[in-house]
Amino acid sequence: MKPAPFDYRRARSVADALGLLAELGGEAKVIAGGQSLMPMMAFRLARPSHLVDIGGLGELRGLWVDDDGLHIGALTTHHQVETCTDPAVLAGWPVLPASMSWIGHLPIRTLGTVGGSVAHGDALAEWCLLTTLLDAVLVAEGADGRREIPVADFFLGFFTTALLPDELLVEVRFPAPAPHAALTEYAERHGDYAIVSAAVSLDLVDGSLRGGRIALGGVADAPVRVPEAEALLTAGTTHPDELGGVFAAAADAAAAAVDPGDDQHGSADYRRSLVRTLVQRAGVQASVAARAVDDDRPAAVPAGARRRP
Amino acid sequence: MPQGADTDQPDAGHRAPSFGSTGRYVGAAVPRREDPRLVTGRGRFLDDIAVPGMLHAQFVRSTIAHARLLEVDLTAVRALPGVVAAYSAADLALGDITALLDRPLEEFVPTPMPVLSGAPQADGSLGKVRFVGEPLAIVVAADPYLVEDALELARVRYEALPAITSAEGAMAQGAALVHDEAPGNVLVDVSMFATEGIDEVFSDAHTVVEVRSSTGRQNALPLETRGALAEWDERAGQLVLDTCTQVPHQVRTVTAGCLGLAERQVRVRVPDMGGGFGIKCVVGREEIAVAAAAQRLRRPVKWIEDRKDALTASFLAREQQYVARAAFDREGHVLALDADVVCDMGAYSCYPFTAAIEPLMASGEMPSVYRVPAYRVRGRSITSNKAPTAPYRGVSRPQYVMVMERLMERAARVLDLDPVEVRRRNVITTFPYTGVNHITYDPGSYLESLDLAEQTVRDEGWYDVQAAARAEGRFVGIGYSCFSERTGYGSGAFAKRRMKVVPGFDISEIRMDLSGTVTVTTGTQSHGQGHETTMAQIVADKLKLDVADVRVEQGDTDRVLYGWGSFASRSAVIGGSAVGAAAGKLEVKLRELAAHLLGTRPEVLELRDGGVRPIPHAGDGVPPEGLSFTQLADVAYLKSHLLAKETDPGLSAVASFDVAGDGTFSNATHACVVELDPGTGGTRILRYVCVEDCGVAINPPIVEGQARGGIAQGIAGALFEQVSYDANGEPSCASFLDYKVPTAWETPDVLIKHLETPCLFTETGAKGAGEGGTIGAPAAVLNAVNDALRPTGVELDDTPIRPEVVHRSLQVTRSAAHGSAA
Ligand SMILES: Cc1cc2nc3c(=O)[nH]c(=O)nc-3n(C[C@H](O)[C@H](O)[C@H](O)COP(=O)(O)OP(=O)(O)OC[C@H]3O[C@@H](n4cnc5c(N)ncnc54)[C@H](O)[C@@H]3O)c2cc1C
Numbered sequence: 001m002k003p004a005p006f007d008y009r010r011a012r013s014v015a016d017a018l019g020l021l022a023e024l025g026g027e028a029k030v031i032a033g034g035q036s037l038m039p040m041m042a043f044r045l046a047r048p049s050h051l052v053d054i055g056g057l058g059e060l061r062g063l064w065v066d067d068d069g070l071h072i073g074a075l076t077t078h079h080q081v082e083t084c085t086d087p088a089v090l091a092g093w094p095v096l097p098a099s100m101s102w103i104g105h106l107p108i109r110t111l112g113t114v115g116g117s118v119a120h121g122d123a124l125a126e127w128c129l130l131t132t133l134l135d136a137v138l139v140a141e142g143a144d145g146r147r148e149i150p151v152a153d154f155f156l157g158f159f160t161t162a163l164l165p166d167e168l169l170v171e172v173r174f175p176a177p178a179p180h181a182a183l184t185e186y187a188e189r190h191g192d193y194a195i196v197s198a199a200v201s202l203d204l205v206d207g208s209l210r211g212g213r214i215a216l217g218g219v220a221d222a223p224v225r226v227p228e229a230e231a232l233l234t235a236g237t238t239h240p241d242e243l244g245g246v247f248a249a250a251a252d253a254a255a256a257a258v259d260p261g262d263d264q265h266g267s268a269d270y271r272r273s274l275v276r277t278l279v280q281r282a283g284v285q286a287s288v289a290a291r292a293v294d295d296d297r298p299a300a301v302p303a304g305a306r307r308r309p
Numbered sequence: 001m002p003q004g005a006d007t008d009q010p011d012a013g014h015r016a017p018s019f020g021s022t023g024r025y026v027g028a029a030v031p032r033r034e035d036p037r038l039v040t041g042r043g044r045f046l047d048d049i050a051v052p053g054m055l056h057a058q059f060v061r062s063t064i065a066h067a068r069l070l071e072v073d074l075t076a077v078r079a080l081p082g083v084v085a086a087y088s089a090a091d092l093a094l095g096d097i098t099a100l101l102d103r104p105l106e107e108f109v110p111t112p113m114p115v116l117s118g119a120p121q122a123d124g125s126l127g128k129v130r131f132v133g134e135p136l137a138i139v140v141a142a143d144p145y146l147v148e149d150a151l152e153l154a155r156v157r158y159e160a161l162p163a164i165t166s167a168e169g170a171m172a173q174g175a176a177l178v179h180d181e182a183p184g185n186v187l188v189d190v191s192m193f194a195t196e197g198i199d200e201v202f203s204d205a206h207t208v209v210e211v212r213s214s215t216g217r218q219n220a221l222p223l224e225t226r227g228a229l230a231e232w233d234e235r236a237g238q239l240v241l242d243t244c245t246q247v248p249h250q251v252r253t254v255t256a257g258c259l260g261l262a263e264r265q266v267r268v269r270v271p272d273m274g275g276g277f278g279i280k281c282v283v284g285r286e287e288i289a290v291a292a293a294a295q296r297l298r299r300p301v302k303w304i305e306d307r308k309d310a311l312t313a314s315f316l317a318r319e320q321q322y323v324a325r326a327a328f329d330r331e332g333h334v335l336a337l338d339a340d341v342v343c344d345m346g347a348y349s350c351y352p353f354t355a356a357i358e359p360l361m362a363s364g365e366m367p368s369v370y371r372v373p374a375y376r377v378r379g380r381s382i383t384s385n386k387a388p389t390a391p392y393r394g395v396s397r398p399q400y401v402m403v404m405e406r407l408m409e410r411a412a413r414v415l416d417l418d419p420v421e422v423r424r425r426n427v428i429t430t431f432p433y434t435g436v437n438h439i440t441y442d443p444g445s446y447l448e449s450l451d452l453a454e455q456t457v458r459d460e461g462w463y464d465v466q467a468a469a470r471a472e473g474r475f476v477g478i479g480y481s482c483f484s485e486r487t488g489y490g491s492g493a494f495a496k497r498r499m500k501v502v503p504g505f506d507i508s509e510i511r512m513d514l515s516g517t518v519t520v521t522t523g524t525q526s527h528g529q530g531h532e533t534t535m536a537q538i539v540a541d542k543l544k545l546d547v548a549d550v551r552v553e554q555g556d557t558d559r560v561l562y563g564w565g566s567f568a569s570r571s572a573v574i575g576g577s578a579v580g581a582a583a584g585k586l587e588v589k590l591r592e593l594a595a596h597l598l599g600t601r602p603e604v605l606e607l608r609d610g611g612v613r614p615i616p617h618a619g620d621g622v623p624p625e626g627l628s629f630t631q632l633a634d635v636a637y638l639k640s641h642l643l644a645k646e647t648d649p650g651l652s653a654v655a656s657f658d659v660a661g662d663g664t665f666s667n668a669t670h671a672c673v674v675e676l677d678p679g680t681g682g683t684r685i686l687r688y689v690c691v692e693d694c695g696v697a698i699n700p701p702i703v704e705g706q707a708r709g710g711i712a713q714g715i716a717g718a719l720f721e722q723v724s725y726d727a728n729g730e731p732s733c734a735s736f737l738d739y740k741v742p743t744a745w746e747t748p749d750v751l752i753k754h755l756e757t758p759c760l761f762t763e764t765g766a767k768g769a770g771e772g773g774t775i776g777a778p779a780a781v782l783n784a785v786n787d788a789l790r791p792t793g794v795e796l797d798d799t800p801i802r803p804e805v806v807h808r809s810l811q812v813t814r815s816a817a818h819g820s821a822a
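Chains as they are written, first to last, in the numbering used here: chain A, 1 to 309; chain B, 1 to 822.
Incorrect hints may have been included.
[As the list claims (entries may be wrong)] Result set (DSBU-like, lysine-lysine): computed pairs, CA atoms no more than 30 angstroms apart in a straight line:
1) K29(A) x K308(B)
2) K639(B) x K500(B)
3) K2(A) x K544(B)
4) K639(B) x K496(B)
5) K308(B) x K2(A)
Honestly, the hints are just simulated from the structure, not real lab data.
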């Protein structure tokens with residue numbers, strides 16, 4: 001459990017990092033928090049020739065809200081998101097800080113980064129689920145400058161993303177606020193990767209449910225949306241009884257729509273059952289959060305969005 | 001939700017030690033003297049030790065579960081710059097590690113375990129590999145990273161054979177043989193007791209219940225993995241082997257044997273240890289290979305097992321299958337027990353216990369705390385292409401207790417009786433009690449612990465919680481387990497198992513120095529339990545010393561004549577009695593010396609306040625201050641001309657202790673309350689109560705720590721941990737991602753209550769306390785889950801209890817319930 005030999009380079013800027021990646025070629029790898037890469041290197045499942053350490057790039061660290069939505073710098077740690085007190089973030093995207101406690105354990109969250117999580121592309125990672133749920137935009141920077149990749153085009157399969165080897169993921173952007181959203185999951189131990197995870201975001205307008213999004217982890221090689229179930233997310237009220245029925249129907253539809261595989265952590269049938277349970281629970285949690293929000297805030301996005309400090 | 005009493009309050013109260021020692025320390029919460037160094041990072045564990053010129057070793061290991069070895073080519077390994085040496089089995093030509101029983105071949109087939117596999121055989125072949133992870137060569141290099149680069153360069157060629165990965169597979173007709181000498185892959189097959197007329201008892205009984213149960217393979221998982229640092233000491237002419245073992249002398253004996261050295265040429269030392277739980281009470285192959293490499297190279301060589309190897313290539317335990325039947329009368333009295341136990345012991349027998357350790361423990365002790373009039377058992381060990389096994393905390397008792405407790409619960413269900421009441425009708429209440437298994441049980445509090453546990457659960461309101469939950473359609477269950485645990489196996493008990501190497505006694509040497517303070521040796525080996533504190537408490541009481549003036553020395557084979565280390569909850573019982581006996585001898589010497597110097601008889605003197613003083617009203621004309629220990633030591637060492645002619649200089653004594661009969665039984669009742677989540681099948685523990693009796697608790701917080709840690713490991717077995725293998729024998733748990741050791745999140749707080757039935761023959765009245773927690777927990781959890789499942793009619797008998805299985809069970813019934821409600 002010791003990594004194969006590698007060289008280590010520390011990047012001084014994004015440009016420097018990109019230069020190093022171009023210079024060192026395809027066997028070089030970026031290291032951010034190291035919480036996924038280091039274990040893989042210790043098992044020699046990853047054998048980069050060089051590590052380009054971007055950990056010192058303060059410019060990639062932080063969250064801010066503007067007219068384009070919520071920006072999260074790639075190097076922002078899970079823990080920074082978890083402990084974020086910015087009212088604009090809490091009003092528009094409360095699901096993000098609330099979901100962080102599902103990621104591993106505290107020491108991992110203080111080192112692991114949002115960008116690392118998304119770039120790593122683990123189908124069970126909370127950030128992969130949240131970006132899928134909320135139609136995030138992944139901002140990559142390469143030698144030719146920046147490009148924006150919609151999440152729908154980003155996760156290509158098992159640990160595979162649209163990011164090119166010489167590109168850096170610099171930012172994760174959530175264009176639209178999602179004040180009524182929740183993520184829940186099931187694993188045997190706290191802090192484990194989920195067997196199945198589910199996230200739901202609801203569009204609530206004037207006391208009625210006008211639509212929503214459902215994303216699932218643990219049922220395919222990458223997080224998936226389930227349009228068949230999302231289509232059922234309509235209701236004329238936000239009364240718990242009626243919403244309960246809506247979520248139950250959506251949960252059944254989601255369970256029917258997915259085609260999970262078997263492995264030692266759970267059979268396909270079990271995973272489908274978990275989808276049913278968790279979609280229902282995430283739906284209820286999202287609507288509960290919604291009622292709390294609706295009570296004292298008619299408009300979820302604060303005007304005069306804050307610029308990055 | 002009811003709240004339990006403060007868990008840290010021992011409500012039953014510790015009775016003043018009612019037996020043996022009457023001092024101020026035994027029974028008191030003396031702070032662990034180990035803790036300051038351990039919690040401030042000043043402990044010294046194996047991997048903290050670095051010596052000049054030290055090299056680092058790792059092992060080329062088999063990547064195939066079962067194969068004929070065709071070639072182990074280390075040419076490229078040796079060519080890598082920085083590699084100092086690479087030795088295959090052929091290069092080292094070491095003796096095997098052979099654990100034996102004195103039993104006929106029909107009962108026990110010996111399976112020698114080579115230090116490295118791949119030695120040239122008589123027929124010219126290189127023999128076989130028998131599990132993934134089996135060591136084939138040791139590679140020594142300048143740094144621990146480089147050595148792993150080197151491992152990748154080894155070229156090993158195999159001719160694969162079918163892998164045996166289950167007991168059924170092992171015993172199937174025509175199955176491949178793991179060891180050619182073991183037909184049917186059976187290493188151990190013993191049939192015992194077979195009370196006359198047992199079949200009639202079964203056929204005539206009002207009720208017969210059956211439990212088929214299987215338990216998962218587990219890893220004892222000490223936080224500190226295994227390791228060794230060996231160095232040849234030219235001055236001493238000795239191989240010095242620092243290793244984290246529970247049994248330093250056994251490591252010495254086997255190392256000397258494998259290397260062809262005399263025992264005096266091997267010195268085993270043990271630093272601070274981060275746990276062992278049994279995995280380190282057997283002699284491993286790697287430490288001997290490390291010793292051999294250091295001897296060859298005349299340079300220090302260190303090996304620290306990494307977590308992947310610890311999870312896949314170390315010793316495992318616990319994979320057993322039971323088919324057990326019990327006959328009951330109408331009132332729920334058990335009439336007979338018939339059991340068939342199959343243990344999957346993996347690839348080899350461990351030293352010194354052999355592959356018989358699990359079946360012999362299960363067969364010998366299964367009747368547990370119950371009056372079972374008729375008993376028959378067959379115990380088998382099969383060999384498979386999995387990592388070998390070692391005795392893990394509890395050894396078979398977690399499993400057979402679970403099966404016994406399932407039988408009790410099942411009988412209660414069939415007879416429509418309360419399960420606690422059924423136990424009450426069957427537990428042994430008069431002592432000593434000699435069971436159908438020919439074991440004599442010393443006094444315990446079986447019934448009292450059961451009553452107190454149930455009362456506690458009732459008083460805390462959990463039965464009301466359960467009733468309310470059921471009314472709402474939720475699944476809350478309450479489960480119990482009642483058991484005893486033989487602790488302090490003496491040589492007699494191990495001889496009954498017919499081991500060729502018979503553990504049992506412990507010897508202590510005690511010395512008083514010029515400062516009037518003492519050092520005592522123990523052959524037991526703390527691997528985290530705090531022996532430096534508890535042994536000192538015993539000695540301090542005996543010699544009326546301040547506990548700070550007693551130093552406990554362990555873990556050095558040059559300092560301790562011979563010892564059996566720590567396992568089977570023997571340290572307080574046997575080691576504690578040996579240090580007490582040594583202190584007792586020194587006490588006599590001190591009184592004799594003082595009597596000589598004071599011109600009186602020893603009988604009128606006693607030890608008091610750091611010296612030998614006249615007994616009030618008996619010390620006829622002796623100066624009331626007597627002589628202090630420093631005054632006596634001054635004479636014994638510096639003025640020996642003043643000693644009586646027949647008295648040797650110095651102040652020391654040696655004493656030993658062994659258990660004469662069947663040992664002493666600790667006992668406990670555990671109670672567990674769970675709630676099941678129908679949406680996920682998850683089990684949440686709402687409450688855990690442990691009423692335990694280990695006789696006199698020498699140090700109550702240490703006893704509670706043992707109970708808590710043990711319960712955590714028992715819950716791990718009940719709900720989480722399982723080492724699994726694929727059909728090719730490839731282990732699928734190489735990291736904690738897959739081997740689901742529970743964390744603090746999953747481990748409940750535990751309410752511990754104490755009862756005290758002192759042991760009648762130990763120095764302090766103490767019984768062993770090391771394993772009980774682990775033994776009781778699986779049964780309590782499984783019974784609680786079954787109680788929660790009660791509305792569904794489903795009963796589960798296997799562990800670990802998989803959420804998926806619970807979920808499926810709940811689905812079945814929910815549809816059934818819907819049907820009947822309609
Ligand atoms: C015990 C444990 C439990 C965990 N549990 C969870 C969990 O429950 N849920 C979960 O989501 N995660 C979990 N993780 C993983 C953790 O969240 C990681 O932090 C995260 O997946 C990767 O972030 P990182 O910064 O550590 O990335 P690194 O490990 O440094 O890198 C991961 C990969 O991403 C690439 N990369 C990193 N940053 C960039 C970038 N800016 N641009 C391009 N490529 C980049 C690297 O080259 C590498 O391939 C766990 C980790 C551990 C050790």
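Any hints from earlier that this structure breaks? Give me their numbers in increasing order, please. 2, 3 and 4
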